[in-house]
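J.: Protein chains in written order, with the working numbering: chain U, 1 to 197; chain C, 198 to 377.
Quick caveat, the hints were computed from the structure, so don't treat them as lab data.
Any given hint might turn out to be false.
To be verified - Here are some, though not all, of the chain C residues that point toward chain U, as calculated from beta-carbon distances under 10 Å: (1) Gln-202; (2) Gln-265; (3) Ala-268; (4) Lys-272; (5) Glu-367.
Even glycine gets a Cβ: it sits at the ideal position worked out from N, Cα and C.
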Amino acid sequence: MSLINYSSKEITCKIVYYGPGRCGKTSNLQYIYGKIPDEKRSSMVSLATEKDRTLFFDFLPLELGTIAGYKTRVQLYTVPGQVFYNSTRKLVLQGSDGVVFVADSQVDQWQENQDSLQNLRDNLAGLGMDLYKIPMVMQYNKRDLPNIMSVADLNTGLNFRRAHYFEAIATTGAGVFDTLKTVSALVLQSLSAKYKK
Amino acid sequence: MTNLQFVISEEVTVAVEREMAVYIKASRAKCAILLSKNGHLISQSGYVTDFSLQPISALIGGIFSSTQALAHLVKEEKFKVMFQEGSKWNVYFCLVAEHFILATIFDKSTVVGMIRHAAAETEKALTPHLEKTLNDEGDNAPLAEEEVPGTQSLPVRESQGIELPDLNQEVEDALSKLFS
């Protein structure tokens, strides 16, 4: 549900970080937030439980600057990953222009990744959106941990739509900006295609 | 359900800003914001120092969405208005044209009854303008090139034989600039 203001030449779009619990969605936003210079820093909103698990969503607005003549604003959201917060995930997913699916690379998280991806597909379908059509990037996080799956296996099992994918260590920032850059570009290209003659 | 997008023309912007200014005067509120139900800030009138309106908009969008889910659970079609009362600041918000929220931040210099009355009038005034902004995916909206002479339109992805412009580079440049 992007917002295009021809009068002020502004575009606002929404990107949602999706994935199983503790896969690193909030860490992505925290890393990005930590790298914004003080003078450009807005607020990051985190609605978390006492144990720092996301309860509703994290929200980080980013002013990207002028792209193709338009002041471009990207709003980053995360969903709560825990299984029982599905109604909240649906609400946050509503109106998204692009999705980053953050997968946990650890072998023992394989089923959680698959369940979360299926949940994403179901929730998008419930909103009249198609997992195969929405701009999407896969991020294989926690590449620094032992006992992780190979990228080839993750791609085979999760990336059936052959989306762009990146290896990441969100806590150190590896792969975080590559992911953000690519999903932002895909969203803007998608918007552009919709509004061309 | 279709995936709605909002395309705001100059005509609508002018009309919305006019109605918002009338509303602030009539309600005596400190600040009013118009946002999409999704939390995108569209317009503001009035001003409160130190309030960061983008996160406020995102949170109001979230609150409103969860409240509508709650409405369905108690067999209501929707809850149209909400009011939060604080020691100094109060927030009143109401649904406008089904897809937008008019949120009002006010202190003790006015009362909620006045806000409620003025908001209802403003809702009526804003609705025809806001309905013009709705755009189902797949529609071809007016092009920026024509509406804003002299501006560059967004690069376009073509599927058949035309080279894709390097939007990645533009985004990378913008991110580099932001985080430098």
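J.: State for each hint whether it applies.
T.: Here is what the structure says about each hint:
About 5 Å separates the beta-carbon of Gln-202 of chain C from the nearest beta-carbon of chain U, less than 10 Å, and the hint is met. Taken as an interface hint, Gln-265 of chain C checks out: its beta carbon lies about 9 Å from the nearest beta carbon of chain U, inside 10 Å. Checking Ala-268 of chain C against chain U: minimum C-beta separation of about 13 Å lies over 10 Å; hint violated. Contact between Lys-272 of chain C and chain U, as hinted, is not supported at the beta carbon level, the nearest pair being about 16 Å apart and thus beyond 10 Å.
Evaluation of the Glu-367 of chain C hint against chain U yields a held restraint, the C-beta minimum of about 5 Å falling below 10 Å.
Checked against the numbered hints above, the structure violates hints 3, 4; every other hint is satisfied.
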